[in-house]
Structure formats: C-alpha cells, structure tokens
Amino acid sequence: MSAAVELDDLLLAHAAGRLPPPLALLMEAHLALSPGSRRRFALLLEVGGLLLERLEPAPLRQADPEALLARADGDKGAGTAADDPPPHAPGWWEEARAVLTRLGGAPVVQLPLALPGGPRAGICAHLARLAAGAALPPHGHPGLELTLVLEGELHDGARRFARGALMVCDETTVHAPRAGPAGCLALALLCCRWPLAA
Amino acid sequence: MSATGDLADRLAEDLRAVAERRDRRAFARLFAHFAPRVKAYLRRLGLDDQQAEELTQEVMLTVWERAHQFDPQRASPATWIFTIARHKRIDAFRRAPRAEFRPEEEAREIAREEPAYAEREIALLRDKLAQAIDALPPEQAEVLRIYYLEGKSHSEIADALGLPLGTVKSRIRLALEKLRERLGEGAA
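From first to last, the protein sequence lines are chains A and B.
Residue 475 in the numbering used here is what sits at position 45 of the first sequence, and the numbering runs on without skipping anything.
Residue 50 in the numbering used here is what sits at position 49 of the second sequence, and the numbering runs on without skipping anything.
Some chain B residues judged to face chain A by a derived CB distance under 7 Å, without partners named:
| # | residue |
| --- | --- |
| 1 | F32 |
| 2 | A36 |
| 3 | Y42 |
| 4 | L62 |
| 5 | R87 |
| 6 | A131 |
Covered stretches of chain A, going by a simulated chain B footprint (3 or more residues, C-beta under 8 Å):
| # | segment |
| --- | --- |
| 7 | 446 to 454 |
| 8 | 467 to 477 |
| 9 | 496 to 503 |
Rather than coming from a laboratory, the hints here were simulated on the basis of the structure.
We put the beta carbon where it would ideally sit given N, CA and C, even for glycine.
Just chain A, with the same shape it has in the complex:
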C-alpha cells in the first residue's frame, strides 16, 4: 500500500522552502542522485521565481543600493567568510562505514544519526545496512518516513528502489522491504510530527 504523501508533494514543499532542515537535506541528497526529480524540481523552483516576479513591490526604507555596497566594503571579506558553512568533518563517512562494517555480521544494522535541527523538528534519522536479500520484519509507521537508497537496491513488494530513489511511507503503510542481491545502504528519516503541516 502506498503512502498518501507523494514524492511530488515533497518536491513542492522543498521548492517552496517549507521543509524542516533535516528533510531539506535529504531532499538535496535525493536531487543530487536523481536526474528525473531534478528536472521536476527545477520547474517547481521556476514557479517560485515567477510568482516572486508577480508580487506587488513593497516600499523599502533604505532604497539606495550604494549604502548597502558601502556596508559591504566596510566589512570586506569577513562577511563572506563567516557566512560560508564550515567544511564538514573529514572522515565522518569512513567512520560510519567502519561502524557498519564492524556490526556487519548481522543481516540488518541500524546506526542512529543526529542531524542538525532534527530534535526540534521531531525527526530521527538512521543509516540502515541490509545484507543481500535481508528483509525487515513487517512493520507500520508512526509518521512520515523517507528512505533514500544510497547503495544497492531496496525491494518493497513489486516496487524496486535503486540508488537515489526515495521511498515514502506514512501511517497507512505496512510493509516488509527486502534488500536486493547486492544488499542495500539507506538513510531513513522518521518524522514524528507532520512536517508538511497539512
């Protein structure tokens, strides 16, 4: 049984800037891996741009661009450097892989992750490693769950999710997904509060 929330709903919510940070991050990763979604997303972003164009302009208090540029010259360099995100810690991925490998004897290994903004948004995340052909026991979902396949394949009944595919489950979904012949590595986010605020 498929979820009431569809991939398109998530692409739209992301284009409109409506997703909490952890989900926005997952969608960016999905977009990086999925050319089909990237195309649909580009269109949804353009809609945002065109709607912005059509807004009735609001009067500015400071309408002189030179004043703004003077400010930019004033704190030259410092501003941009501080705005740039810090580089991610090198080796985090290798560490995660090492943990997964150490626990690799089990058919299913789940590694909880703390994502920025997760607790506040009521979102928990984990990396799941399934051995070739391993299945999860049949289970339901307390909320919206998004699973991004990073390596291998995930099979859910007749549906196959390859690298880059996003599996969307919600309260109505009961399933027992199984890894493909090469196993599967996936990142799953479970939202205990309704993130689309529908």
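Starting from the known structure of chain A, arrange chain B on it as the hints suggest.
Then chain B, alone, in the frame of chain A:
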C-alpha cells in the same frame, strides 16, 4: 521572445556584469527590481517591516557577493534570488550551531555539474511557464501563490479561504498538473 523573457535576459546580463566587472550600475538595476519584491515576499511570510527590510538588504548583499554563482542554465534570475531569500529566511529561524556534516553542499556541487535543463531550454521553459501561470484559473493561481509566498500550510490556507482542506490540496495539484501539461512534461 516574451516580455518576461526579455526582462529575465536583461537581469541575467546585469548579474553577469556584477560577477565579472563588479558593475555597480548593474547592481543598482537589480536592486531596484528585486529588493522591493523580496521585501514583499518576506512581509507575506509574516516578518514585520523591520525584519523584512533587514533580511532583504542581506539577500541583496548576497546577490552582490555571490553573483558569480548564478548560472543561467540552472535558473532564471528571479528563481535564483527567490532561492536565496528562501534560504535566508530559513537560516534566520535557525541560528543554532551547525553540525559539521553538510551533504547538501556537496549535493549542490554534484547537481551543478549536470543542469536539469539546457540553456535554451530553460529560457523557453520560463516563457511557457509564465504564460501557463497567467492562464491558470484564478482560484488555482491564488492557492498556489499563497502556498509558495505566504508560508501558510494547507490547513491554514483552507481556514483563510473558508474552503475544505481537500479542495486546497486538489487545487494545488491541479495547478501543477496544468503547468506541466503546458510544458509537455506529462502529468505523472
């Protein structure tokens, strides 16, 4: 070429002038066009005049500093600036310390290598999309505009317009289907 396309081309040219020559007059034109619209967008999202003004100035400063990152193959100027405003607003709400892991940055790098549309294609798409938006039934256009620009959830839109929740959802879906149909993208 439509009026929308001409305007977008001129603004894209100005962005290039800012990126390549630090052209202050080109920036003044971008500022005059976009700053009041960005402010209107932020006001609609519920920021007060002061907050919206400050964030607008920040957005325009980012445009000045990051103009070299604008890629006409990936988006129109309005879309690029809409994206910056969207991020600034999200950032303003979470000034919490960041974790080190930033895969979305990497994702953007990867995505940049392979644009979703070719250059001419995006210009054509923009024109067709602009026409398609203007051709939407007003009740669908209204719901779409509120969803994108006013930060209201489906149920808040339903309350504000006195409509059932299902109607709001189906209007958004219908509107997007229509836009895709017009672009020959298929409805699925």
